[in-house]
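Chain by chain, the residues:
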Amino acid sequence: MTRRSSPLARFGKAVAVIALLAFTLFPIYFMLSTAFNSRAASGTDALVPTHWTFEHFTKAFTDGNFGTYMVNSAIVTVATVLISCGLALLGAVAMARFQFRMRTTVLITILIVQMLPAEALVIPLFLQMKDLRMLNSLAGLVLVYVAFSLPFAIWNLRGFVAAVPRELEEAAYLDGCGWWQMFRLVLLPLVWPGLVATSAFSFVMAWEEFTFARTFLNNEERMTVGIGLQHFFGQNVNDWGGLMAASTMVTIPVVIVFVLAQRRLGTGLVSGAVK
Amino acid sequence: MPTSRWRPWLLLAGPLLVIAGLLLYPIIRVTVLSFQRYGLKEVISGKPEFIGLDNYREAVSGSYLWKTVLPNTVVFAAVTVVGTVVLGTLVALLLQQLGPRLRALVIGSSLVAWALPAVTGTYVWVWVFDPDSGVVRRTLQSVGLLDPEGFNWFTERLSFYAIAALNVIHHGYPFIAITIFAGLSTVPEELHEAAKLDGASAWRRFWSVTMPLMRPVFAVVTILSTIWNFKVFAQIYLMPGGDGSNPEVFNLGVWSYVSSINQNKYGLGSAVAVLLTLVLLVITMIYVRALFKEDELQ
Numbered sequence: 001m002t003r004r005s006s007p008l009a010r011f012g013k014a015v016a017v018i019a020l021l022a023f024t025l026f027p028i029y030f031m032l033s034t035a036f037n038s039r040a041a042s043g044t045d046a047l048v049p050t051h052w053t054f055e056h057f058t059k060a061f062t063d064g065n066f067g068t069y070m071v072n073s074a075i076v077t078v079a080t081v082l083i084s085c086g087l088a089l090l091g092a093v094a095m096a097r098f099q100f101r102m103r104t105t106v107l108i109t110i111l112i113v114q115m116l117p118a119e120a121l122v123i124p125l126f127l128q129m130k131d132l133r134m135l136n137s138l139a140g141l142v143l144v145y146v147a148f149s150l151p152f153a154i155w156n157l158r159g160f161v162a163a164v165p166r167e168l169e170e171a172a173y174l175d176g177c178g179w180w181q182m183f184r185l186v187l188l189p190l191v192w193p194g195l196v197a198t199s200a201f202s203f204v205m206a207w208e209e210f211t212f213a214r215t216f217l218n219n220e221e222r223m224t225v226g227i228g229l230q231h232f233f234g235q236n237v238n239d240w241g242g243l244m245a246a247s248t249m250v251t252i253p254v255v256i257v258f259v260l261a262q263r264r265l266g267t268g269l270v271s272g273a274v275k
Numbered sequence: 276m277p278t279s280r281w282r283p284w285l286l287l288a289g290p291l292l293v294i295a296g297l298l299l300y301p302i303i304r305v306t307v308l309s310f311q312r313y314g315l316k317e318v319i320s321g322k323p324e325f326i327g328l329d330n331y332r333e334a335v336s337g338s339y340l341w342k343t344v345l346p347n348t349v350v351f352a353a354v355t356v357v358g359t360v361v362l363g364t365l366v367a368l369l370l371q372q373l374g375p376r377l378r379a380l381v382i383g384s385s386l387v388a389w390a391l392p393a394v395t396g397t398y399v400w401v402w403v404f405d406p407d408s409g410v411v412r413r414t415l416q417s418v419g420l421l422d423p424e425g426f427n428w429f430t431e432r433l434s435f436y437a438i439a440a441l442n443v444i445h446h447g448y449p450f451i452a453i454t455i456f457a458g459l460s461t462v463p464e465e466l467h468e469a470a471k472l473d474g475a476s477a478w479r480r481f482w483s484v485t486m487p488l489m490r491p492v493f494a495v496v497t498i499l500s501t502i503w504n505f506k507v508f509a510q511i512y513l514m515p516g517g518d519g520s521n522p523e524v525f526n527l528g529v530w531s532y533v534s535s536i537n538q539n540k541y542g543l544g545s546a547v548a549v550l551l552t553l554v555l556l557v558i559t560m561i562y563v564r565a566l567f568k569e570d571e572l573q
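Residue numbers (this note's numbering), protein chains in the order written: chain A, 1 to 275; chain B, 276 to 573.
Hints were generated in silico from the structure; no laboratory data involved. Quick caveat: nothing in here was measured; it's all calculated off a predicted structure. Check the hints yourself; a few may be wrong.
[To be verified] The following residues of chain A were derived to be distant from chain B, with all beta-carbon distances above 12 Å:
#1 THR50
#2 VAL78
#3 ASN136
#4 GLU220
[Stated by the list, open to error] Now the in silico label distances, taken between C-beta atoms and shown as ranges:
#5 GLY67(A) with TRP284(B): 40 to 48 Å
#6 VAL418(B) with ILE252(A): 33 to 41 Å
#7 ASP473(B) with LEU188(A): 41 to 49 Å
#8 ALA9(A) with ASP473(B): 18 to 26 Å
#9 PHE61(A) with ARG378(B): 33 to 41 Å
#10 LEU188(A) with VAL418(B): 57 to 65 Å
#11 LEU25(A) with LYS316(B): 47 to 55 Å
#12 ALA22(A) with ARG332(B): 46 to 54 Å
#13 ASN136(A) with LEU466(B): 52 to 60 Å
#14 GLY12(A) with ASN539(B): 54 to 62 Å
#15 GLN538(B) with GLU221(A): 26 to 34 Å
#16 ASP131(A) with PRO346(B): 33 to 41 Å
#17 TRP52(A) with ASP329(B): 58 to 66 Å
Positions of the beta carbon are idealized from the N, C-alpha and C atoms, including for glycine.
Based on the sequences and whatever the hints tell you, model everything.
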C-alpha cells in the first residue's frame, strides 16, 4: 500500500481514530472504574476513581451467590460448545461433501430456523420443559442452547469443509484410509480454524444467554451469570459497584475467547458469502 | 470414493433431531397455542379450547400494536441497522488506511466492545444514564444543561429507545466492521490503483470498485443485523420499565414475553410471537434469495 498522505488527511485519520476509540471504550472504561471504586455510587465520582478497592469483587462472592452462577454458566457453556460443535461438524460434512435428495430442503430449513426469535420459542419450550420436568435443570438449558447454536454453526462450518480440497481426501483413500480415519487425519486439522470461530460464537451465546435462563431457572443454586446479575438491583437502591464488578467478571471470559479466536471471526461469513 | 446413500443422513441424524425437537416442534406448538384460549387455568388443567382468531383480534385491535409496539420494533430496527452498517463500514474503511499498530489497537478495542455481553452492556448504559446519580445527569448538571430535579430518560419512549439504540449500535458495529474488513482484503488492490490513475475520487472508487465486488458481503451483514435487531429482547427487557412496568416501551418480543410469562396470557403471547416470526420469515426469505443468487449453494 502506498502511504503518502497529506498532513490534513493524517489529522483527519487521527481525529477519527480517537473519536472511535472513545466511543468504543467508554462503557468498558466506565464499568471498570466503577467496579474498582469505593465511591461508586455517584456517576462522576465513578468516572475518575480516587479510592481504589477490591471490595465489590469480594462482596459479590461472599454476600451473593456469584461463584455459583459462574460455575453453572461454565458447565452450561462447555457442554453447549462441545455438543453443538460436534453435531454441527457432522452436519457440515454432510452438507458440503454429499449430494443427496432433499439436500437443498435441509439447507434452506437450516437457514430459516436461524432466524427464529427466542421470544417466539420461549413459550412452547417453557411448556415443553415443564412437561419433561426439566425446568430448573442445567441440562434442559444446554439442550435449548445446542438447538439455537446449531443452525449457524452448521452454516458457518459448511464453508470451511467445502474449502478443503477433495484431492486431499481422495489421496487419503488411495493410501488406504477408511472414511473415519480420513475424517480424523485430513478433514479435522484443516477445518480447525472454522471450529475455533464456531465454538467462539456458541461459547458467547451460551455464556451470556438471558431469555431462556430467566424463564427456566428460579432456583438460586441453578442460576447462570446472565440472570444472576439482576440480584444487584435492590428495591430502592442499586449496588452499582457490585453490579459493575460482577459485569466485569462476566465479560472477561468472553474477551479472552474473542481475542483467542480473533483472526477467525470474520472470515467464516465472508467465505460463505464470496465464493 | 466410498459413498453410501445413507451416510449423509447418518451424519445429519443428530443435528436434525435436535433442530426438529427444539426448534421446529415448538414453532408449530406456538402456532397452535395462538389459536387457543391458554391461560393459567389451561396450564393447570392441560385442556385448552380452540377459539379461532380471537387472540389475533385482541392483538391487532385498538391502537396499541399500531401506535406503540410496531413503531418501537420497526423504527428501532431501521435506525440500528443503518447505524451499525454505516459505522461498521466506515470503521472497516478506516482500518484499511491505518498502519499495523493502530489497526491492531482499533480491532482490539472493537473486539472488546463486541465481547461485552448484551446483559452487562445494557447494565452499563443504564448506569451511565441513571436518573439519580448517572454520569450523564451529573455532567449535564455541572455545565448547567439540566435542571437540579433531573430527568428520567427511561420513562420517555424516544429517549428510552435512543439509549437502547446507542447500546445496540455499540455492541453491533464491530461484527460488521470486522466482517467487511475481511471482505475488503479480497478486493484486488490493482483495481483501486487503476481507478486512482484514471483520476477517480475516493468516494467514486468506493461506489464503483469496492461496492459492486462487496455487494454479497454487504447483503449478508445487512440482512443478518436486520434479523437480529428486529428481535432485540434482553437490551429492552433489562432497562427500567422494559420488564413489564411501562407498556409504552414494549417491542414485539417484549410484548409477547410479558403477556405470556408475566401475565400468563399464553394465547395472546403466542399470537404476538407468531406475528414477530412472520415478519422475520419475510426478511429471512430475502436473505435466502440473496445467498442463493450469489452462491448457488454448491
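Going through the hints against the structure:
no., hint, verdict
1, THR50, "holds (15 Å)"
2, VAL78, "holds (17 Å)"
3, ASN136, "holds (15 Å)"
4, GLU220, "holds (18 Å)"
5, GLY67(A) with TRP284(B): 40 to 48 Å, "holds (44 Å)"
6, VAL418(B) with ILE252(A): 33 to 41 Å, "holds (35 Å)"
7, ASP473(B) with LEU188(A): 41 to 49 Å, "holds (48 Å)"
8, ALA9(A) with ASP473(B): 18 to 26 Å, "holds (20 Å)"
9, PHE61(A) with ARG378(B): 33 to 41 Å, "holds (38 Å)"
10, LEU188(A) with VAL418(B): 57 to 65 Å, "holds (60 Å)"
11, LEU25(A) with LYS316(B): 47 to 55 Å, "holds (52 Å)"
12, ALA22(A) with ARG332(B): 46 to 54 Å, "holds (50 Å)"
13, ASN136(A) with LEU466(B): 52 to 60 Å, "holds (58 Å)"
14, GLY12(A) with ASN539(B): 54 to 62 Å, "holds (57 Å)"
15, GLN538(B) with GLU221(A): 26 to 34 Å, "holds (28 Å)"
16, ASP131(A) with PRO346(B): 33 to 41 Å, "holds (37 Å)"
17, TRP52(A) with ASP329(B): 58 to 66 Å, "holds (60 Å)"
Going down the numbered hints, you'll see the structure goes against none, and every one checks out.
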